[in-house]
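S.K.: Single-letter residue listing:
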Amino acid sequence: MSIKHLIFQNLKKNIKNYYLYVFALIFSVSLYFAFVTLQYDPAMNEVEGSVKGAAAIKSASILLVAIVSIFLLYANTIFIKRRSKEIGLFQLIGMTKNRIFRILTIENFMLYFGSLLIGILLGFSVSKLIIMILFKVMQINAIAELHFSTEALAQTLIVFAVIYLLIMFMNYLFIKRQSILALFRIVSSTETRVKKLSIWEIVIGAVGIIMILSGYYISSKLFGGDFTTINELFLAMIFILGSVILGTYLFYKGSISFIFNIIRKKKDGYLTIKEVLSLSSIMFRMKSNALLLTIITTVSALAIGLLSLSYISYYSIEKTAEHTVAGDFSFTNVNDGEKFEKSLAANNISFHERKIRVIQADANLKNILDTNLEELNFDPKKMKLPVISDQAVDTIDVAPGQAVFTDYNNALQKFMSFKASGQFDLIGKSKTIQLTYLGLRNDSVLSLDFTAGGLPVVIVNQTDFERLQKDINPAIQNKSTLFIGIDVKNEDQLEKANQVFNEFKFNGDSARSRLEISNGMKQIMGLTMFIVGFLGLTFLVTSGCILYFKQMGESEEEKPNYSILRKLGFTRSDLLKGISRKQLFSFGIPLVIGLAHSYFAVKSGWFFFGTELWTPMIIVMILYAALYSVFGILSVLYYKKVIRDAL
Amino acid sequence: MTILEATKIYKNYGNKFNKQEVLKGLDLTIDKGEFVSIMGASGSGKTTLLNVLSSIDKVSQGSIKIEGNEITRMKEKQLAEFRKSHLGFIFQEYNLLDTLTVKENILLPLTVTKTPKKTAEQKFAEVAQELGILEVKDKYPNEISGGQKQRTSAARAFIHEPSIIFADEPTGALDSKSASDLLNKLSQLNQKRKATIVMVTHDPVAASFSNRVIFIKDGQIYTQLNKGDQSRQTFFKDIMKTQGVLGGVQYEH
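Going down the list, the sequences are from chains A and B.
Position 126 of the first sequence, counted from 1, bears residue number 126 in this note's numbering, the numbering being contiguous throughout.
Position 111 of the second sequence, counted from 1, bears residue number 758 in this note's numbering, the numbering being contiguous throughout.
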């Protein structure tokens, strides 16, 4: 048998075993290639106009390489350990270490560069699709064209060749360091011996759970007003991060075995086949993989969290734009408004106009403001708020002496919330009007120009408004006291109206178009979401693969157990049921913890990003969980094969 | 009463062009309550014989009946069903699940048949008492000695009161003290519970604990020895003599 034959034989065997590795490699290469192609694509110039598109894509591709190279190196350590017996055997029959290294190198070379080639071809063919997705989420109306970029090809080849050299270097070190005997032993030495649960582990287990829960608890209090200075907030965040991550580690190290042990104790030795295969095996496995699982869980939590947040922003764009611009178009300059209206009329676009007189007044909100933030850079007794009459808003009616607030920014609400009702004062130039605050509404009445970036608008009765108007404090008034909102009656004409608006080239501070703003945000958020999405997907695929490889190893180690159980008279389907349950835990526990982590992370600060929490977050989580469980199902199929061969 | 009846069993390995016959038309009957040893040199086919008798491996030809059930024609699922209610196993490598405690290992066969917990508890206490492993019931296999492991394995084989217990070199990995301990327990259980035991061994001492020794050579039965009323010592000498005649390799000039 020649060396060539040996290599081919190995290759054939490996491809069958490592098809998922090959898949992950092809996937990451093609994604990287597509990203780099995108970076060099002339079409990206259009994106570049508004945002630094290429730069963002470039940094994403760097991150992508980081994820992929860590994955490949890690996967390689798993594989080389699995093949240590074979390497030992080669040495035993008198091959030199260099020769073995050469065999491995050639073998890997074919597998790796074969996948690289396929990946590049695939990447090239899907790059158009990816650009189309990007344009779609950014709402750019451009036609994606297929460009083959030699720069992208060169860059991809270089980057992956470097990773290949790194892998080979690792293999070289591995082979150099091992003695023949050690190579034969390596598989058995990696797993810890099964021993009874010590008190120490029970303590670790309990501490792990307490740490995670306390992290969650603090995160739910983070912006609730318990932390009053920026320093305290910062410390709280560090604490949450530290305690949750460390808690996760301890959870895997001790809590799992601790909880499972309690369940087992209850059974008093009488375990069903399902419990034998799931509980007892996982109890000991999770402990030895604690670090890996912690990393996977933390990074998945990060990925899900970022995905949720970017999707929340994207999802809330319309709502945010509504609060930025009240109406389809808004003006504070009467001349501009009239010019635009005339032009609309000339274009046969029917519209509805609202004019609102806005007075700025200092308000003493001390009695109704529910905050203890000390480092506010304004005085709650003298807060400048826009005031309008209830006649300006059709949907709201307020009695004299009363007032409602509206248009209050979501994030600000968390820092400074109002009580349900109470008394507050509006301070004019000489007199003070006392009003009863009735509550907060969510109508969008004024554009951002009047609300100082998100402060509430006070709506009072016409009589109170007139009183205030007579006693106006000129020092604090805006340049313009008139808000002109223009709504296009027919939605279909909005695009056209926006074109008319753009032709004027108004000053951006006095004239705003909601469509323009939401499109701008969509470009930024779309690009962010696109990048985060693909990075998240890469991470998902690579971490899923790593868990799958781990399960492959476990299944082979547990094969003797399966043959015992089958000899005892358990059928294949009995075993498979137990294994399915085991996989439910093996994949489910990291997933559920990752989801819980990201849920609490998103929950504590989502209001900075948008107005809608649940729908976007749940969509992201369900998608992530569904894709992730594919790997669990694949591993069950692998187990099925092992069980079948066990007897 | 005959409990196991094997007639004309053949077992071949390999393909058409490279066939290796391991069992060549072997006949065997075992009565209820017997303690039978199967002896033979390496490669004589004794483990293969045990595997086909215990339904783990399939015969190429012939029939095997256990308590009147023809097992050679059973489907995978039926076989599993049959194994869990009728057969018990003891192996050289103990074959314990090292993630389970001693008690959990022993109770495994009962969970297959869904025995009520109370009965299971009772049976466990009984068999663990008899085999002297009650004190280590909450330990993991890694924490106990080889002898204790093998007795755990034996307890697992006995607990569901199977029709036949198959033991493959049960003393192979044990020191002589643990080995005679285990064999004493086995023959006690054989008498007390009227359990049928079929044991493969190459150790004449181990074989001398049984009622009957079957010698296998080249896939066929070479001879049989019955213990009858003689003492274990004289039976041991008989076995040694036969083994001497049987030899390993033919010495030809």
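To be clear, the hints were calculated from the coordinates, so they are not data collected in a lab.
Glycine is no exception: its CB is placed at the ideal position from the N, C-alpha and C atoms.
Any given hint could turn out to be false.
Listed next, the in silico DSBU-like pairs over lysine-lysine satisfying Cα-Cα at most 35 Å (straight line) [what the hints assert, rightly or not]:
#1 B:K671 with A:K267
#2 A:K559 with B:K671
#3 A:K470 with A:K342
#4 A:K640 with B:K770
#5 A:K550 with B:K663
#6 A:K470 with A:K429
#7 B:K824 with A:K12
#8 A:K265 with A:K640
#9 B:K770 with A:K550
#10 A:K319 with A:K381
#11 A:K641 with A:K265
#12 A:K267 with B:K764
#13 A:K640 with B:K784
#14 A:K640 with B:K841
#15 B:K724 with A:K577
#16 A:K265 with B:K671
#17 B:K761 with A:K274
#18 A:K85 with A:K221
Here are the computed distance ranges between Cβ atoms for each label pair [claimed, not checked]:
#19 A:T77 with B:Y869: 52 to 58 Å
#20 B:K666 with A:I118: 41 to 47 Å
#21 B:G661 with A:T77: 37 to 43 Å
#22 B:E740 with A:K176: 30 to 36 Å
#23 A:I259 with B:M648: 27 to 33 Å
Just so you have them, the derived chain B footprint on chain A, three or more residues with Cβ under 8 Å [what the hints assert, rightly or not]:
#24 104-114
#25 382-392
S.K.: Each hint: holds or not?
M.R.: Results for each hint:
no.: 1; hint: B:K671 with A:K267; result: 48 Å, violated
no.: 2; hint: A:K559 with B:K671; result: 31 Å, holds
no.: 3; hint: A:K470 with A:K342; result: 33 Å, holds
no.: 4; hint: A:K640 with B:K770; result: 33 Å, holds
no.: 5; hint: A:K550 with B:K663; result: 39 Å, violated
no.: 6; hint: A:K470 with A:K429; result: 9 Å, holds
no.: 7; hint: B:K824 with A:K12; result: 50 Å, violated
no.: 8; hint: A:K265 with A:K640; result: 29 Å, holds
no.: 9; hint: B:K770 with A:K550; result: 39 Å, violated
no.: 10; hint: A:K319 with A:K381; result: 30 Å, holds
no.: 11; hint: A:K641 with A:K265; result: 32 Å, holds
no.: 12; hint: A:K267 with B:K764; result: 9 Å, holds
no.: 13; hint: A:K640 with B:K784; result: 32 Å, holds
no.: 14; hint: A:K640 with B:K841; result: 39 Å, violated
no.: 15; hint: B:K724 with A:K577; result: 15 Å, holds
no.: 16; hint: A:K265 with B:K671; result: 51 Å, violated
no.: 17; hint: B:K761 with A:K274; result: 13 Å, holds
no.: 18; hint: A:K85 with A:K221; result: 54 Å, violated
no.: 19; hint: A:T77 with B:Y869: 52 to 58 Å; result: 53 Å, holds
no.: 20; hint: B:K666 with A:I118: 41 to 47 Å; result: 43 Å, holds
no.: 21; hint: B:G661 with A:T77: 37 to 43 Å; result: 39 Å, holds
no.: 22; hint: B:E740 with A:K176: 30 to 36 Å; result: 34 Å, holds
no.: 23; hint: A:I259 with B:M648: 27 to 33 Å; result: 51 Å, violated
no.: 24; hint: 104-114; result: violated (count 0)
no.: 25; hint: 382-392; result: violated (count 0)
The structure does not agree with the numbered hints 1, 5, 7, 9, 14, 16, 18, 23, 24 and 25 stated previously, though it agrees with the rest.
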